[in-house]
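First to last, the protein sequences are chains C and L.
Per my numbering, the first sequence starts with residue 14, numbered consecutively.
Per my numbering, the second sequence starts with residue 14, numbered consecutively.
Certain hints may be false.
Repeated chains share a single entry, so a pair holds when one copy, or any two copies, can fit it.
In silico SDA-like cross-links for lysine to any residue, where the CA-CA straight-line distance does not exceed 20 Å [said to hold, decoys possible]:
| hint | residue 1 | residue 2 |
| --- | --- | --- |
| 1 | LYS42 | SER109 |
| 2 | LYS42 | GLN110 |
| 3 | LYS213 | GLU444 |
| 4 | LYS154 | GLY386 |
| 5 | LYS355 | ALA39 |
Note that these hints are calculated values from the structure, not bench results.
Number of protein chains: 2
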Amino acid sequence: MSTRFEHFDLSDVRFPTSRALDGSDAMNKEPDYSAAYVVVHTSGGEKGHGFVFTIGRGNEVAVAAIRAVEPLVVGLDVDEVLSDMGGFWRWLTHDSQLRWLGPEKGVTHMAIGAVVNAVWDLYARRQGLPLWKLLSDLTPKQVVQLVDFRYLSDVLLPDEALELLARADPGKHERERHLMAEGYPAYTTSAGWLGYSDQKVLSLVEAALSQGFTHLKLKVGADIDNDVRRVKLVRELVGPDIQLSVDANQVWDVNEAIADISRLAPFDLNWVEEPTSPDDILGHATIARAIAPVRVATGEHVANRVVFKQMLASNAIGVCQIDACRVAGVNENLAILLLAAKFGVPVCPHAGGVGLCEIVQHLSMFDYVAVSGSTEGRWTEFVDHLHEHFVDPVRVLNGRYLAPTRPGSGAELRPGSVSDFSFPNGRVWRELSPIT
Amino acid sequence: MSTRFEHFDLSDVRFPTSRALDGSDAMNKEPDYSAAYVVVHTSGGEKGHGFVFTIGRGNEVAVAAIRAVEPLVVGLDVDEVLSDMGGFWRWLTHDSQLRWLGPEKGVTHMAIGAVVNAVWDLYARRQGLPLWKLLSDLTPKQVVQLVDFRYLSDVLLPDEALELLARADPGKHERERHLMAEGYPAYTTSAGWLGYSDQKVLSLVEAALSQGFTHLKLKVGADIDNDVRRVKLVRELVGPDIQLSVDANQVWDVNEAIADISRLAPFDLNWVEEPTSPDDILGHATIARAIAPVRVATGEHVANRVVFKQMLASNAIGVCQIDACRVAGVNENLAILLLAAKFGVPVCPHAGGVGLCEIVQHLSMFDYVAVSGSTEGRWTEFVDHLHEHFVDPVRVLNGRYLAPTRPGSGAELRPGSVSDFSFPNGRVWRELSPIT
């Protein structure tokens, strides 16, 4: 008898991070880092884990959206799905009724991403491999079959993608050995949250340097005079050899971004992240031309591969920031990695939040081993929050992510964390005093 | 004692339209036209009506998203909200936690649109005016205050918007009289659904002509040979003086769109609608350059004003198709009307679905009276389905929308329809035999 997908377990998990302003920035002032968490179960007792990351209110809408995907999955033959993950992606993404709710954007698209990622987690567990290794072992042809080229064909055709992958193929084993030995470069945002005092930032910067980080990111965008002062302080502390980037979290309009970045540029910025609306491709291109050689980065809120295609094709971004849980999961991120490779733009994933580091490290490592073939000018974001809630937390040593070795994608939350932080009835939420 | 917003009544209303392929097109093969319907109640017993339009599965996610907006509204003073509808819009749209779920796109953005529209409905009822008249009576300065210029300021500043409105101001009363006497031009899509037989299409085309329509739209995109044959048949039947447009509902990639449209262009098309992904601004611009003088139209799936800004600024669209329920309601549509006016692009709203005609006619009429000042080359879509479920259904006579005279926005569903078509437990759904 064949193994089939049987049901989803869903949880609304929220961490009360707003109480300490962890994760605070100019746009997202009081986030409660949250996950709409799904465990996909099969009739054979296998499990796969995934989630939508949110920052609090509305996490229940993401849960409802994952629930809406469940009937499309339950009853499908697991072997058939795993042997055609590209077809499975299209089955979910192109469902003619659900598609109306995006299309391919917002909560329903993220919900499909959670389910796609959960099935990849299950697949990797079944193979006994960490996700990055499962992906890296695929042939170029198998990778191309995972990608939906709909809406991409004016810029990237399957044959060209195949060529990109074939070019990287010969060095795969050597790079895999290097990755296992050396890990993958990380940068840290933990020092620079907007809600922290100067003193706290400076002591966290020193701590980050002592931990071996060579690239730090600071939040800006609330007040430019304050931004200039803080960036200057940090640059003076770290000296000229440390990479500094800044992140405005979409608060600027186009002309305001250009003006404000010109005041920050003297402090030698690696990139400026999310200068304006993630939907504004032409605006990003205008900013990029104006602030060169400082580079524009964005992606954590870019809705799908169609927007990434345009950002890359129009030189709007010099740094491509994929997010594990914003687009529709692993498959769509593979499409974006291929687009970035075509345009020679380095991929530096967004992470942090809840479990974003745990998943996205696999995609960076796959990018290094099988697509871009390089870690030069590439870093995966690291934020040192909430890892203790994961069964297989990231290991970051001397400013580098160590390659995961346990089977799966890293998305599995500890059962005790799921129950304690379930909203609104978990132990932690019941014990919290209400905000007055 | 002040009047406050008290609670939302929510209903998941679905019409089993897929059984007759009403509304079928190349992308949306079997839609069950649906509404996530909200009635906003105040402590004074006032009500306002709004909805998210969907095509079936996932309508419950839209209901959950509206429920997530409720806590931001309940308890607010109604007078204060109505006196600053621009501030109310920003309050909902820029909520820092909910915003993460878009930002400004997908289900959560549409849910805010439903709530904003419901409050406008309440406002118009309180004033005893149809929505178009309430809006038309506002001064240019009041209109500008309703618009959030965030992310627009590189293309349109409040002062320029004020000038556009001031230019139209002197003729308002004359145009209002004309509107009351003559109505607003409509075009019809009722004849051209993809799932209909040629015979059914041709007899519906003849019916549309006899009803006074001079502009018809046909669905294309499933099979180009079939499209060419059908468009040719219809053009031969209607002769050269009737406007014909086609709608591909996003099924083409960029190069495919250009190739297929070149085969349809000989039949004298007014516009080609949704040739590709609504997120592909650069793709639309490429198509527009290639198929000129045939015009590209899109908008019903354009997520927000930021994407419209780029579509207009890059000449990607020659026809701007606002939708009453895709963006965040009346306020955001005012922004889009102003952007379209700046670039001299005619606004021809998308309608049909459930109640989209009822609401969007008000925006077309406001555009005519107070913004563009013209109906030339402008038509509001008309689809003759499901109007019987509305308390104040549209009146279309001789190919024109008659100006509504009853107070409100037209969004109120008949109570019997809400109960009969509630999903899954309303009478109609209980009586339907399951699809096998």
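Copy assignment of LYS42 with SER109, given that the CA separation must stay at most 20 Å: between (37 Å within a copy, 7 Å between copies)
Under a CA distance limit of 20 Å, which applies to LYS42 and GLN110: within one copy, between copies, both, or neither? Classified as between: cross-chain Cα gap 9 Å, same-chain 35 Å, threshold 20 Å.
LYS213 and GLU444: within-copy, between-copy, both or neither at 20 Å Cα: Neither. Shortest intra-copy (28 Å) and inter-copy (65 Å) distances fail the 20 Å Cα cut-off.
Reference check for the pair LYS154 and GLY386, CA-CA at most 20 Å: within, between, both, or neither? Classified as within: same-chain Cα gap 17 Å, cross-chain 57 Å, threshold 20 Å.
Go through the copies and call it for LYS355 and ALA39: within, between, both or neither, with a Cα cutoff of 20 Å. neither (33 Å within a copy, 31 Å between copies)
Of the numbered hints given earlier, the model fails hints 3 and 5; all others are met.
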